[in-house]
Amino acid sequence: MSAGTMTTSRWRQPAHRIAALARAEGVLLRRNRLALLNALVLPVPLVFALKAAPSVSDAGGSRGAGAILLTGLMALVLLSAVYYNLVTALVARREQFVLKRLRTGESTDPEILAGTAAPAIAIAWAEIAVGAVAAVAVFGMGPPVNAVLALVALILGTAVFALLAAVSTAATPTVEMAQVTTLPVLVIPFVLSGLLIPLGMLPGPLRGLAQALPLTPVVELMRLALTGTAAGGHHLGLAATFSAALIPVLVLTAWIAAAGWAARRWFRWEPRR
Amino acid sequence: MDDNGVITVRDLRRRYGGSGGRGFDAVRGVTFSVRRGELFALLGTNGAGKTSTMEVLEGLAPPAQGAVRVLGCDPYQERGLVRRRMGIMLQEGGFPSDLTVAETGRMWAGTLSAPRPVAEALGLVSLGHRAGVAVRSLSGGERRRLDLAMAILGRPEVLFLDEPTTGLDPESRHRTWLLIRELLTAGTTVVLTTHYLEEAGELADRLAIMHQGRIVRAGTPAEVAASQPARISFELPGNAREPVPGLAGTRVSVTGRNVLLQTQDLQRTLTALLGWANSRGLVLAALDARPASLEEAFHAVAASGGGPVDVNDNAEDGTA
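From first to last, the protein sequence lines stand for chains A and B.
Note that the numbering used here has the first sequence beginning at 1, numbered continuously upward.
Note that the numbering used here has the second sequence beginning at 274, numbered continuously upward.
The hints are simulated quantities; they were obtained by calculation from the structure and are not laboratory data.
Be aware that one or more of the hints could be misleading.
As the list claims (entries may be wrong) - Cβ-Cβ distance ranges computed for the label pairs, FRET-style:
#1 B/Ser386 x A/Ala49: 25 to 31 angstroms
#2 A/Ala49 x B/Gln338: 42 to 48 angstroms
#3 B/Gln338 x A/Pro184: 37 to 43 angstroms
#4 A/Arg265 x B/Glu496: 42 to 48 angstroms
#5 A/Thr253 x B/Gln350: 26 to 32 angstroms
Unchecked claim - Calculated from the model, a selection of chain A residues having no Cβ within reach of chain B, i.e. all distances over 10 angstroms:
#6 Ala19
#7 Leu28
#8 Leu36
#9 Leu42
#10 Val98
#11 Ala114
#12 Ala118
#13 Val175
#14 Met177
#15 Val191
#16 Met201
#17 Leu202
#18 Pro205
#19 Gly237
#20 Ala239
Each residue gets a CB set at the ideal place from its N, CA and C atoms; glycine is no exception.
Input sequences plus hints: build the corresponding full structure.
The structure is reproduced here in structure tokens:
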């Protein structure tokens, strides 16, 4: 291979490899009814269940409710379509020796994980996009105060929960066991995310814990992005939303670093022998 | 490094379960080299360390100790440099069962820099007619052939085959051998593990028998077989008054009327035996004379535990 093709293919080849893996993974996801159900259908009733939560009924008016429901949808989609689906997909591929087999090819380890995760993430983002349209059309949600922060919440939140999925596979010997091993990440960050119970209603130490969990900063960033309200409920200007976003962004970055480290340390590419 | 040594392995060690007493040494100091265009076979009972050795050559695992070079690179540290020149067939298939054969080929081809057409690769293993079938519906032998097709899809210079014909019917096994020979003729270097000694004898230019993590025999199939004596067996007729004569360099064992001679020089011993029988007018029933076989060498290793031999001479021959 000449030097010329080497340089032009430096980026095209990884993208090509990820696309080939993602396409196959997409076919597999389409043929797996249960995974599709988890990804596509599950968030919908949960969003409507959220409507009854005190944080939503306290939001005052349907404008605020639209923002909170979109935030809730994003949280649920990150948990079910990204986190839970990726745990089961990665464990299934690992136990069938697919991951090991893929490592015998030219794809690098990050490319294999990216290709496997891509369809789940694409579905998650599409659902959030549909949710955003619905929030505007049904609940009359206005334009976001700071759209950049919504994008940051989406990208960092996806990264955190995709990496946490990779870490969780290390404790998940079979696909069936995923129903148990995913519970801590599915339940604890959600309960303490501020969506069900406003953080202000929590006692001090618990509030500190809640703010350090991976879903709470996503919810905070979305509240800042969509309504521009601080944790205390007062309205912030555009510049102030950026500075208020600093802590949540740092918390998410720390989770990405920690989960990335843990995944490198514990992720297994083949079944335990 | 010598130009002919496509693969060199020096004092390779591999350990599972960390250091300390609870760990397990799967590979305990293995040295060999593989020349360009030859087929090198690793034989051994289950747990001998064949696959553990292969995984290091394939770049899937780092060695605990020792040095491995494949095409001049460290296959683990420099995976990106060597992978496009390697084809690997694992012991376990490892393709998603819900994809069809054609979808599997398309996915795999999409990850390779210079793949053959998928249809051509499937044709080489006679799977073209199964392109639309889900992997889960293939027979064990068909899956093995799909694995092989994917391993050669990237036109590799070095091909690793971990038990490539397990589960194949004799006809498919034969066709696989023909395909492997064609690849060898085209210059591909092949490292193969197998449980079928016939396969190793048929295909290998050189081979090594592993036992408990070490290489205990190495050389050409003929050399390794010759480590065992040739065997002559017969039944002593009922009218024989005298015992079998002592023959130089021969071990005689008699069980009832059954006699077994073991010798390093089959022709001389057989001539002497037949001369003796002739001169006494004896008819030796069930007379059977056979040279040492790879199979006997293998069973001798498995039975005795076969002390490790110094194969450095062979390894140096390999790179000379």
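Status of the hints after comparison with the structure:
1. Separation of B/Ser386 from A/Ala49 is about 50 angstroms and departs from the stated range, judged on CB atoms against 25 to 31 angstroms.
2. A/Ala49 and B/Gln338 have their C-beta atoms about 58 angstroms apart, which leaves the hinted 42 to 48 angstroms range violated.
3. At about 39 angstroms, the CB distance of B/Gln338 to A/Pro184 agrees with the hint of 37 to 43 angstroms.
4. For A/Arg265 and B/Glu496, the hinted distance range of 42 to 48 angstroms is satisfied, since their beta carbons lie about 46 angstroms from each other.
5. Between A/Thr253 and B/Gln350 the Cβ separation comes to about 30 angstroms, which falls inside the hinted range of 26 to 32 angstroms.
6. Not every CB of chain B is more than 10 angstroms from the CB of A/Ala19 (nearest about 7 angstroms), against its label as outside the interface.
7. Once the 10 angstroms rule is applied to beta carbons, A/Leu28 is inconsistent with being away from chain B; the minimum gap is 5 angstroms.
8. In this structure A/Leu36 is separated from chain B by more than 10 angstroms, as the shortest Cβ-Cβ distance comes to about 13 angstroms.
9. In this structure A/Leu42 is separated from chain B by more than 10 angstroms, as the shortest Cβ-Cβ distance comes to about 21 angstroms.
10. A beta-carbon of chain B is positioned within 10 angstroms of the beta-carbon of A/Val98; the least distance is around 5 angstroms.
11. Against chain B, the non-interface label of A/Ala114 holds: every CB pair exceeds 10 angstroms, the least being about 12 angstroms.
12. Interface exclusion of A/Ala118 from chain B stands, the closest Cβ pair being 13 angstroms apart, more than 10 angstroms.
13. The claim that A/Val175 is not at the interface with chain B holds, since no C-beta of that chain comes within 10 angstroms of its own (minimum 13 angstroms).
14. With a least CB separation of 20 angstroms from chain B, A/Met177 remains clear of the 10 angstroms interface cut-off, as annotated.
15. Non-interface call for A/Val191 relative to chain B: holds, since the shortest CB-CB distance, roughly 35 angstroms, exceeds 10 angstroms.
16. The beta carbon of A/Met201 is kept farther than 10 angstroms from every beta carbon of chain B, the shortest such distance being approximately 47 angstroms.
17. Distance check on A/Leu202: its Cβ is at least 42 angstroms (rounded) from any Cβ of chain B, clearing the 10 angstroms threshold; non-interface status holds.
18. The non-interface label for A/Pro205 is consistent with chain B: the shortest C-beta to C-beta separation is roughly 38 angstroms, beyond 10 angstroms.
19. At roughly 49 angstroms, the least C-beta separation between A/Gly237 and chain B is larger than 10 angstroms, which holds for a residue marked as non-interface.
20. With a closest Cβ-Cβ approach of about 45 angstroms to chain B, A/Ala239 is found to remain outside the 10 angstroms limit, as its non-interface label requires.
Violated hints, in rising order: 1, 2, 6, 7, 10; the structure is consistent with all others.
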